[in-house]
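Q: Assemble the whole structure, with the sequences as input and the hints as a guide.
Protein sequences appear in the order of chains B and E. The first sequence begins at 1 in the working numbering and counts up by one. The second sequence begins at 1001 in the working numbering and counts up by one.
No lab work stands behind these hints, which were simulated from the structure alone. Since this is a predicted model, take the numbers as computed values, not measurements. Be aware that a few hints might be false.
BS3-like mimics (lysine-lysine), calculated; alpha carbons at most 30 Å apart, straight line [as the list claims (entries may be wrong)]: (1) Lys376(B) x Lys263(B); (2) Lys1157(E) x Lys110(B); (3) Lys175(B) x Lys1236(E).
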Amino acid sequence: MDIAIDTSKSRYHVDKNGYYGRFGGAYVPEMLFPNVEELQTKYMEVLRDPDFQKEFEDLLRNYVGRPSPLYHAKRLSAKYGAKIYLKREDLNHTGAHKINNTVGQILFAKRLGKTRIIAETGAGQHGVATATVCALMGMECVVYMGEIDIERQAPNVARMKMLGATVVPATSGSKTLKDATNEAIRDWINNPLDTHYILGTAAGPHPYPDMVARFQSVISEEIKKQLKEQEGRENPDILIACIGGGSNAAGTYFHYLDVPEVKIVAVEAGGKGVHSGFSAATTQLGQIGIIHAAKTLLMQTDDGQIIEPHSISAGLDYPGIGPMHAHLYETGRATFLDATDEEALAAAYELSLLEGIIPAMESAHALAKLKDLELKPSDVVVLCLSGRGDKDLNTYIKHMKK
Amino acid sequence: MQNRIDQLFATKKQNILNIYCTAGFPELNDTLTVMKALEDNGVDIIELGMPFSDPLADGPVIQDSSSRALKNGMTIHKLFEQLEGFRDTIKVPVILMGYLNPVLRYGVEAFVEKCAAVGIDGLILPDLPMAEYESDYKAIFEKNNIDLIFLVTPETKEERIRKIDSLSKGFIYAVSSSSTTGKDKNMGNQEEYFEKLNSLQLKNPVMIGFGIKDKATFDAAASHASGAIIGTAFIKALENSSAGIPSTVKAFVENIREGKTIMI
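A: Here it is, written out as structure tokens:
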């Protein structure tokens, strides 16, 4: 595995100052400066350490269950007229790609000598993944979750509690992911010495976007190897992933960013329609701004107040995107599409019936755009199925009755 | 022309009281009423908070006051409208405190120019990194004679404190403990930190903030620095007051200065 791969010559990866083009950086109040500086100075040193890599790989293989399969979805392929592979992150322990990052970060936190872990969660997948690795390592775990998300993701809340985590409701603002992230950052400000913040997505201050992308890059590394075995070539024609903050997308794209012949597609949550006032399609609705200490594209008012987004999926309900993705959008390296709540629901039912896989609501957004791509039968498409749909059953049942 | 903050520190060396209030709170048009009452009661510096939807460094009390101000309809444009002509009646230094995003959205240069035009003396932007200030914005602030006040905390290393001192103007905001605003942390064990700050012989005066709520905590903080900053306790007083703004402010300031009344 090569999580410490040299990306210094790439125009799509982070530069030495923590920026992706004009996006990124670390806009933290002084109270957090020492913490963030510690992460910045130590993360690559730790990631390069062969002992760390060995421990990380071992847990990914024997605890997470990697490599996750690259599944040739034949009925889905027949329907859309291309060769479609699903990268089965839904088969990981805890049911989503999130565990790749939390395994990496808990090992990192241990090396920093931290004893307490905090995290934010939207859909609950990152919260469960964090609670899981904290149980594994015997560390205290506090997860912040928006009050509304606590309601709509009840099974994941129960799992976190069973794993020994304290789930703290975020009651400010929209009571969703953005506010949970604010609360986690506040906790970190108040507990700067003993606490590591396991951020779940490729957003936040430098080095989080790059660190999370590297821990998730196991996805693209495996795709390369598995595609070589199954197709005789490492590169697909098209890569697709859904984007909220963008951690599964960052992992799916990581080793392909500098391979121009691979077309990269990102799917945002269109909500009830991009211009309906109920959307989370940041690249279309956002302008440059600062959220959670990073300069990126951000949904905001003319007065610079952050707009509360909407998506049927709690994991995509975020008014910004990670700075890497903002840069991929601005440079045109990735094509950004959006899927509405309705389209995502339809795609979830379709995958369930065609392939016997109930996808997470988040992943269903990526699936929903297969119909809008101009696909040729010879095209090899890899779609990151970031998580499984068990947690979304209530939403699925509710809409099936209609 | 000397900035009002510099004038103040040149003439008054101790017990400087800086009180924070959120613009547009409790009601949209209370901004100037609160400011005037603070001046009338002998407050030395007014720190005016620009409400933001996602104030990371603030605790629940100040965040709630921001949410309420935003609901009242407060915006940066509205605030500048309210501040138009305020120098006719208010003489003390006024500092705007807020987060970087709304300022970026307004345009940093336009914002700083507007501050100078209405009579603002300084800015506190806790999430503006020092390096970015130095490379992109310092010249704009200096040209407009607007002080940028940086924060230091007990965890800030000496080398960085010296760098902050070299870039700061007006004063340095010493956060009494690493925390969000309004967090009740014990200030008793911070003496070492304050003594360290004093021993560094910084060019800027030091004001201590976070966790100051009454005469005892104000006196304790002020004994280690030029003075202290109060935010959360004042917002709570405004929130819980039924006596009207002038009386509430009077009682609050008297309590800080003389320990006269008992505040809830």
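Q: Would you list, in rising numerical order, the hints stated earlier that this structure does not obey?
A: Result: no hint breaks.
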